[in-house]
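Asks: Following the hints, position chain B against chain A.
So the sequences go chain by chain: A and B.
Numbering follows our numbering, in which position 158 of the first sequence is assigned residue number 158; successive positions increment by one, without gaps.
To get our numbering, take the position in the second sequence, counting from 1, and add 476.
Wrong hints could be hidden among the right ones.
To be verified - Just so you have them, the derived chain A footprint on chain B, three or more residues with Cβ under 8 Å:
hint	segment
1	675-682
2	686-697
Stated by the list, open to error - Derived DMTMM-like pairs (lysine to aspartate or glutamate); straight-line CA-CA distance at most 25 Å:
hint	chain 1	residue 1	chain 2	residue 2
3	A	Lys-223	A	Asp-236
4	A	Lys-311	B	Glu-684
5	A	Lys-300	A	Glu-390
6	A	Lys-273	A	Glu-434
7	A	Lys-47	B	Glu-746
8	A	Lys-300	B	Glu-684
9	A	Lys-311	A	Glu-265
10	A	Lys-300	A	Glu-316
11	A	Lys-273	A	Asp-417
Unchecked claim - Sample of chain A residues at the chain B side, in silico, Cβ under 8 Å:
hint	residue
12	Pro-298
13	Gly-299
14	Tyr-308
15	Ser-315
16	Glu-316
17	Val-319
18	Pro-331
19	Leu-333
20	Ser-337
21	Leu-343
Derived from the structure by calculation, the hints contain no laboratory data.
Note that CB positions come from ideal geometry on N, CA and C, so glycine has one too.
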Amino acid sequence: MPLLSLRNVTKAYAGIPALRGVDLDVAAGEIHALMGENGAGKSTLIKILAGVVAPDTASISIDDRPVTIDSPADARRHGLRFIHQELSVVPALSVAENILLGRVYPRRAGVFVDWRTLNGLARDALETLGITHIDPRETMARLSLGDRMLVKISSAFLADAGAPARLYVMDEPTAALTRDESERLFKVLHGIKASGNSVLYVSHRIDEVMTLCDRATVLRDGKPIDSGLLSGITHDDLVALMIGRKVGEAYPPAGTGPSAEIAYERPGLAVRKGEIVGIAGLSGMGQTELLRSILGNPGKAWTSGIGYVPKERRSEGLVTTRPIYQNITLPHLQAHSLGGTWLTPRRERQFAQRLGEDVRLRAAGPRQIVLELSGGNQQKVVFAKALGGEPRLLLLDEPTRGVDVGAKFDLYTIIRDMTARGMAVLLVSSDLPELIGMADRIAVMRDGEITTIVSAKGLSEEALLNLCYGRSAAAA
Amino acid sequence: MLRPIRGGRLMGRFLRRYGTLAGFVLILIFFSVRLPGTFMTAQNWLNITQQLSMLLVVAAGMTIVMVMGDFDLSVGSMASLSGVVVAVLFSFGWPIWAAVPAALIVGLVGGLINGAMVSLVGILPFVATLATLTIFSGAAFVVSGGRTISGRAIPDAFGEFARGGMPLGPVSIPNLTLVALAVLIVTWVLLEQTTFGRRLYAIGGNIEASYLSGVPVRRLKLLAFSLTGLSAAGAGLLYASRVASANPTQGSGLMLNAIAAVFLGSTMSEQGEPRLLATVIGVLILGVLDNGLTQLSVDSYVRQILVGVIIVIAVAGSSLSKTARR
Numbered sequence: 001m002p003l004l005s006l007r008n009v010t011k012a013y014a015g016i017p018a019l020r021g022v023d024l025d026v027a028a029g030e031i032h033a034l035m036g037e038n039g040a041g042k043s044t045l046i047k048i049l050a051g052v053v054a055p056d057t058a059s060i061s062i063d064d065r066p067v068t069i070d071s072p073a074d075a076r077r078h079g080l081r082f083i084h085q086e087l088s089v090v091p092a093l094s095v096a097e098n099i100l101l102g103r104v105y106p107r108r109a110g111v112f113v114d115w116r117t118l119n120g121l122a123r124d125a126l127e128t129l130g131i132t133h134i135d136p137r138e139t140m141a142r143l144s145l146g147d148r149m150l151v152k153i154s155s156a157f158l159a160d161a162g163a164p165a166r167l168y169v170m171d172e173p174t175a176a177l178t179r180d181e182s183e184r185l186f187k188v189l190h191g192i193k194a195s196g197n198s199v200l201y202v203s204h205r206i207d208e209v210m211t212l213c214d215r216a217t218v219l220r221d222g223k224p225i226d227s228g229l230l231s232g233i234t235h236d237d238l239v240a241l242m243i244g245r246k247v248g249e250a251y252p253p254a255g256t257g258p259s260a261e262i263a264y265e266r267p268g269l270a271v272r273k274g275e276i277v278g279i280a281g282l283s284g285m286g287q288t289e290l291l292r293s294i295l296g297n298p299g300k301a302w303t304s305g306i307g308y309v310p311k312e313r314r315s316e317g318l319v320t321t322r323p324i325y326q327n328i329t330l331p332h333l334q335a336h337s338l339g340g341t342w343l344t345p346r347r348e349r350q351f352a353q354r355l356g357e358d359v360r361l362r363a364a365g366p367r368q369i370v371l372e373l374s375g376g377n378q379q380k381v382v383f384a385k386a387l388g389g390e391p392r393l394l395l396l397d398e399p400t401r402g403v404d405v406g407a408k409f410d411l412y413t414i415i416r417d418m419t420a421r422g423m424a425v426l427l428v429s430s431d432l433p434e435l436i437g438m439a440d441r442i443a444v445m446r447d448g449e450i451t452t453i454v455s456a457k458g459l460s461e462e463a464l465l466n467l468c469y470g471r472s473a474a475a476a
Numbered sequence: 477m478l479r480p481i482r483g484g485r486l487m488g489r490f491l492r493r494y495g496t497l498a499g500f501v502l503i504l505i506f507f508s509v510r511l512p513g514t515f516m517t518a519q520n521w522l523n524i525t526q527q528l529s530m531l532l533v534v535a536a537g538m539t540i541v542m543v544m545g546d547f548d549l550s551v552g553s554m555a556s557l558s559g560v561v562v563a564v565l566f567s568f569g570w571p572i573w574a575a576v577p578a579a580l581i582v583g584l585v586g587g588l589i590n591g592a593m594v595s596l597v598g599i600l601p602f603v604a605t606l607a608t609l610t611i612f613s614g615a616a617f618v619v620s621g622g623r624t625i626s627g628r629a630i631p632d633a634f635g636e637f638a639r640g641g642m643p644l645g646p647v648s649i650p651n652l653t654l655v656a657l658a659v660l661i662v663t664w665v666l667l668e669q670t671t672f673g674r675r676l677y678a679i680g681g682n683i684e685a686s687y688l689s690g691v692p693v694r695r696l697k698l699l700a701f702s703l704t705g706l707s708a709a710g711a712g713l714l715y716a717s718r719v720a721s722a723n724p725t726q727g728s729g730l731m732l733n734a735i736a737a738v739f740l741g742s743t744m745s746e747q748g749e750p751r752l753l754a755t756v757i758g759v760l761i762l763g764v765l766d767n768g769l770t771q772l773s774v775d776s777y778v779r780q781i782l783v784g785v786i787i788v789i790a791v792a793g794s795s796l797s798k799t800a801r802r
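One chain only, chain A, in its complex shape:
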C-alpha cells in the first residue's frame, strides 16, 4: 500500500502543458527520488503537492484515503512537509521565529509570546538534524548561507501533535550545504525511513541520489518515463532516461585551442582570444568581486565588448516580469534601436529569436514572460543576453549552478562555440570537474588575490582542491 499515490496529474501554464498525466507512488518507509531535467515538471508537481499551485486535474491519496490539497495548510494537515529549493527566510527575524514561521506561536496568558517555549521548540527541531552550533535566538541575517539552509530544513522537522508528518518533500536540499552538513541530513533521512515515513527527494546530483534513494521516478516533458529501483541501474542509464538520449562525454571537446593574441589583460591575469580561464577557490575568496571589478561600470563594460553572466540569475540576471526579448536586448538597446532612442520591437524579437536558437532556448516565443520558463531556460536567456553584443570577453559566474544535465551540456557547447569564434572566457565555478573539463588554464584565488595559475590539462580534482586550500598541488 503506497503512502502517497498520485494519478493523472495535469497542469498547463498559459496553454503550455507542464504536467501531462503524471502517476506517482511513494511507498511507506522509502526515500523516493524524483528526477528529471529542468522544465520536466518536478517543481510544478511539488508545488501542487504543497497546495501552492492548483492542478488542472489530479487525484491524490495518502494512506489510501483520497484527499484534496487546496492550500499549504491542507498539505500540512495531511502530513506533508516541504523543503523548497528557494531559500525563503526572513533575515530580520530570529532563527526560532523563522523555524516557526506560519505556525501559531506558543503563548503566555493567551496574549504574550512565550519566547522560552518558542526557542525550545526551535532548538528541538535543530537537534533533530544534530545541529547545536546555531542559537535559536540569533538573527537570521547573521547566519551563513549554509546555516540558513539548515534552519530552513529543520523547520520541516518541527514537532506537530495535530498532524504527524508522513512524507517529507525535499527540493535540492543540499544545494547550499557542505559535505558534512549533507551527511548529517542523510542520516536524518535514513531515520525517517526507518520510522516508516517517507521522503520524496529531488536533486540534480545524481551520485547523491544513487547512494541515498531506494527508488526513482523520472519525469521528462511533464510525463513519467520510468519508475523503479535504483539498485539495478547505472549513473549513465539514469542520465539517459532523464535527457532522453545517450550520454557521451560530460564536456564537449575543445576546439583548436586559444590563439596567441591577448584579449584581456590586467596585472597578474591575461586571457588570450579563444581561451577559457577558470577561476577556482573556496567559496567567498573574491571570485565574484574579481569579475565585478573587471566589469567596472556595467554601462561602459557592455559597450566595450564585455558580456556578463552574474551569479544569481533571478536577482541579478533577469527582469523576470518582462518578456524574453526585452531581457536579451536590455544591455544592447543602444545598438538595437533607432538612434539609441526609438524602440524597434519587431527587430528586437528577430534578434532575440536568433540568439535563442543559438543557445537552444526552449520557449513559446520571444514574447514569453521569463517567469514562466524553467531554471535552465532562464539561464539560457541570461546567456543569450551576454552573447548578444558579440563580446570579446565573456565573464561567467557559476553559469551552470542549479541547471540540469541536459541544459548544462547545452551551455558548455555554447561556451565552446564562442571560444571557437575567438571569444575569451573567464569562468568562475565551484564545480571542480567543470573547471578542469572546460578551462584551458585555472587561476586559484585566496583572500581576494590570484595566488597561482596552472594548466588545466591533466590536473586532478584533488590537486586543484589542494591549491584552493593553499597547499601545493602535490600535497596529500
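Replies: Then chain B, alone, in the frame of chain A:
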C-alpha cells in the same frame, strides 16, 4: 477524483485582467440609466475631460516614476507652488511667455531635487518626497505671502486660455483637454516607444539586474523624477489658468488622486505594472464617479467615502486573484 477547475480559473484570469475595466463599464451604464439625457452627452464628457485635465497631467507624470517602482508625494504641493510662482511673476509684470516657462523650470528643478535625493543620496522616495511635499508647500506660502493672488495681476489672456477651446463641429474641445491629451501622447510615446521607457520598466522589474545590464539607473531616476516635477508644475499652471488665480493650497488634492489612479490602472495588467493607458482609465473612473455622483446630488463627503471604497475593491480584487493559487 478529477477536479474540473478550469472554468473557475479562466474566470479569475478574466477578472484579474479586465475586472477594473468591467467595473468602469458598469459605472458608465449605471450613470447612463440614472441620468438619461445629461450623462452620456458630448458636452458632459467635454466637461469631465476638462475637469480632469490637471489630474490627467499629474497622473501621467506619476506613472513615469511608478513604472520604476518609486512614487512622488510632492506633486500636489509642486502644482500649488508653480501656480503661485507664475502669479507672482505676473504681478512683477512678467509677460506670459516668460512667466510660464519659469514656473515650469521650478517644477523641473523641484523634480530634480527629488530625483537627486532618491538616486544619488539613496533616500527612500516616500521619505524624500514627503520632505519636499512640505518644503514646496511652505515655499508656496512664502512666495505668495499666504494670500490668493488674483484679479489685475493675472493677464486676461492667461485666464482666457482655460475658457477657450478648439471648435469641432457643434462642440468646442476645451484647451485644457487638448493640453492634457498632448501630455498623455508624449508620455505614452516616452514610456512605450523609447529606450527610456523600456529601461524604466526594467528598473521597476529588477533594479539590480538592470544596473548590471548597463542601464544608467541613477541618471534615469533623476530624469524620471524631473519629468514628474515638470508635469506637476504644468498641472499647477492649468489650474491657475482655469481659476485665473493662484493660492498656495490649490494643488493639494492632486497627489492622492494621482496615486489612486495609477494603482487603479495597474490592477489591469497581469504583472501589476503601471501602464499609461490604464492610468487614464483610472483617472476616468475617479472623474466619472465625481461627475455622476455630483449630478445625482450625492453629498461630497459621501462621494469621498464611495471613491475610497471603490479603490479598495479594485485593488483588493486584483491582488486577491493574484495571490490566489496560480
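Asks: Now tell me, hint by hint, if it's right for this structure.
Replies: Quick rundown of the hints versus the structure:
1. Three residues within the 8 Å Cβ limit are the bar, and the segment 675-682 of chain B against chain A gives 5, so the coverage statement holds.
2. A count of 7 residues in the segment 686-697 of chain B with a Cβ less than 8 Å from any Cβ of chain A is obtained; the coverage claim is therefore met, three being the minimum.
3. This hinted pair checks out: Lys-223 of chain A and Asp-236 of chain A have alpha carbons roughly 20 Å apart, not beyond 25 Å.
4. About 12 Å separates the Cα atoms of Lys-311 of chain A and Glu-684 of chain B, which keeps this hinted pair within 25 Å; it holds.
5. About 15 Å separates the Cα atoms of Lys-300 of chain A and Glu-390 of chain A, which keeps this hinted pair within 25 Å; it holds.
6. At roughly 20 Å between alpha-carbon atoms, Lys-273 of chain A and Glu-434 of chain A fall within 25 Å of each other, so this suggested pair holds.
7. Proximity of Lys-47 of chain A to Glu-746 of chain B is assessed by CA-CA distance (about 21 Å); at most 25 Å being required, the pair is judged to hold.
8. With a C-alpha separation of about 16 Å, the suggested pair Lys-300 of chain A and Glu-684 of chain B falls inside the 25 Å cut-off, and the hint holds.
9. For the suggested pair Lys-311 of chain A and Glu-265 of chain A, the alpha carbons sit about 22 Å apart, so the restraint of at most 25 Å is met.
10. Taking the CA atoms of Lys-300 of chain A and Glu-316 of chain A, the gap is about 18 Å. The hint holds against a cut of 25 Å.
11. For a cut-off of 25 Å, the pair hint linking Lys-273 of chain A to Asp-417 of chain A stands: about 13 Å separates their Cα positions.
12. Nearest Cβ of chain B to the Cβ of Pro-298 of chain A: about 4 Å, under the 8 Å cut. The hint holds.
13. The closest approach between the C-beta of Gly-299 of chain A and any C-beta of chain B is roughly 4 Å, which is under the 8 Å cut-off, so the hint is satisfied.
14. The beta carbon of Tyr-308 of chain A is positioned within 8 Å of a beta carbon in chain B (closest approach about 6 Å), and the interface hint is therefore held.
15. Given the 8 Å rule on beta carbons, the hint for Ser-315 of chain A holds: about 6 Å separates it from the nearest Cβ of chain B.
16. The interface hint given for Glu-316 of chain A holds, since its Cβ lies 5 Å from the closest Cβ of chain B, which is under the 8 Å cut-off.
17. A distance limit of 8 Å between C-beta atoms decides the matter here; for Val-319 of chain A the minimum to chain B is near 4 Å, and the interface restraint holds.
18. Below 8 Å, beta-carbon pairs count as interface contacts, and Pro-331 of chain A has one with chain B at about 4 Å; its hint therefore holds.
19. Look at Leu-333 of chain A: its Cβ gets to within about 5 Å of chain B, closer than 8 Å, so that hint holds up.
20. With 8 Å as the threshold, the beta carbon of Ser-337 of chain A comes within range of chain B, its nearest partner Cβ sitting at about 5 Å, so the hint holds.
21. Taking 8 Å as the C-beta cut-off, the interface hint given for Leu-343 of chain A holds, the closest approach to chain B being about 6 Å.
Hint compliance for this structure: no hint is broken.
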